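Once you've looked at the hints, dock chain B against the given chain A.
These are the residues of each chain, in order.
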Amino acid sequence: MNRNNFLLIVFTAVLFYTCQDGRFKQGEGLYEFYCSSCHMLDGSGLAQLYPPLNASDWLNENKDQLPYIMRFGIEDTLYVNGQEYTIPMSGLPELSAVEISNITNYILSAWDNDLGKMSFKEVQNSLDSKKD
Amino acid sequence: MKLSNLMCILCVIGLYSCTQKESGPLPYIGHHEVVNGDTIFHKIPSFDLINQDSQAVNNKSLSNNIYVSDFFFTSCPSICPKVKKQMLRIYDRYEKQDLLKLVSHTLDPKRDDVEVLHTYAKNLGVENEKWLFLTGDKDQIYDLNDDYFVAVIEDERAPGGIDHSGKIVLVDKNGHVRAFAEGTDPEDVTDFFQDIDRLIEEYEQK
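As they're listed, the protein sequences go chains A and B.
If you're matching positions, the first sequence starts at 1 in the working numbering and goes up one per residue.
If you're matching positions, the second sequence starts at 1 in the working numbering and goes up one per residue.
Isolated chain A, as found in the complex:
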């Protein structure tokens, strides 16, 4: 391997690594703007007013509903980590499917969360889902 090839590999590896770090940068920015007022920057929520998004058993079991709730809001009572939440959330119709996808994937991997990824197709399926 000559020196130039070696440098190229190192450069690509560094680039790859730094890009990994900011995978959901856009989602993070959108989360700060649209969600963090109530759900807090650290995803901890607020007492029994706004449920946590970090380490939430509800989210762990219902992550496919996350995009739908972002767009259309939710009025159902939720039980998160043993607490009851009754305050309705209004939807954010101004968010595009791509933006919702970015926020969803940010939340799924932010803080202590390790809830995998959601493909754009899965996000669209959630947005198209009819509520029973």
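The set of hints was computed from the structure by calculation and includes no laboratory data.
This structure is a prediction, so every number in the text was calculated from the model and none was measured.
Positions of the beta carbon are idealized from the N, C-alpha and C atoms, including for glycine.
Check before you lean on any hint, since a few could be wrong.
One side only, chain A facing chain B, incomplete, derived with CB under 10 Å [claimed, not checked]: (1) A47; (2) Q48; (3) L49; (4) L78; (5) N81; (6) Y85; (7) G91.
Quick look at chain B alone, frame taken from chain A:
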């Protein structure tokens, strides 16, 4: 060489003194007036409001307490929840300190009646008289904003229709404002704990 040694020592002393906690009485914030040689400090004017348990709250009922105050409304989609998170930190930290109360005024008294405030307080985990959520005459509440140095403007373009700042203000037994913190900034509120401690100390020394 000697000069640089001296500089080093001065720097160390300087740094050390910066890390020292401020002590002594807190300043009086706001406009001062001198009348017949006596200084008159800015004071929260008299008010008459109702709390989440339908009890009347006025200056007299708070005259044996120091309190931290903020302005909010329950349907606020912008800064209020962040400020409430910080008020909750204060509530938890001083839970057993009976001298301190927390007073939150709604800016939307029409919607935030006693019942709404009662549920809101309960959802925050507050079921006692330490943290008061006040509603009442709208003009009276809006007149109080200036005295708490909180800016409020009703604005259709603002989230929730009311644009306001998130200051948390510390008031002493006589209604004088003694310190404030930016309620959206957790670090500022951590520093604010020291101000609250200093005011508590003032009364405990008496």
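Do the hints match the structure? See the list:
About 5 Å separates the beta-carbon of A47/A from the nearest beta-carbon of chain B, less than 10 Å, and the hint is met. This hint holds: Q48/A has a C-beta 4 Å from the nearest C-beta of chain B, less than the 10 Å allowed. Taking 10 Å as the C-beta contact cut-off toward chain B, the hint placing L49/A at the interface holds, the least distance being around 5 Å. Checking L78/A against chain B: minimum C-beta separation of about 13 Å lies over 10 Å; hint violated.
The beta carbon of N81/A comes no nearer than 14 Å to any beta carbon in chain B, farther than 10 Å, and the hint placing it at the interface is violated. The closest approach between the C-beta of Y85/A and any C-beta of chain B is roughly 8 Å, which is under the 10 Å cut-off, so the hint is satisfied. Because the beta carbon of G91/A sits about 12 Å from the nearest beta carbon in chain B, more than 10 Å, this interface hint is broken.
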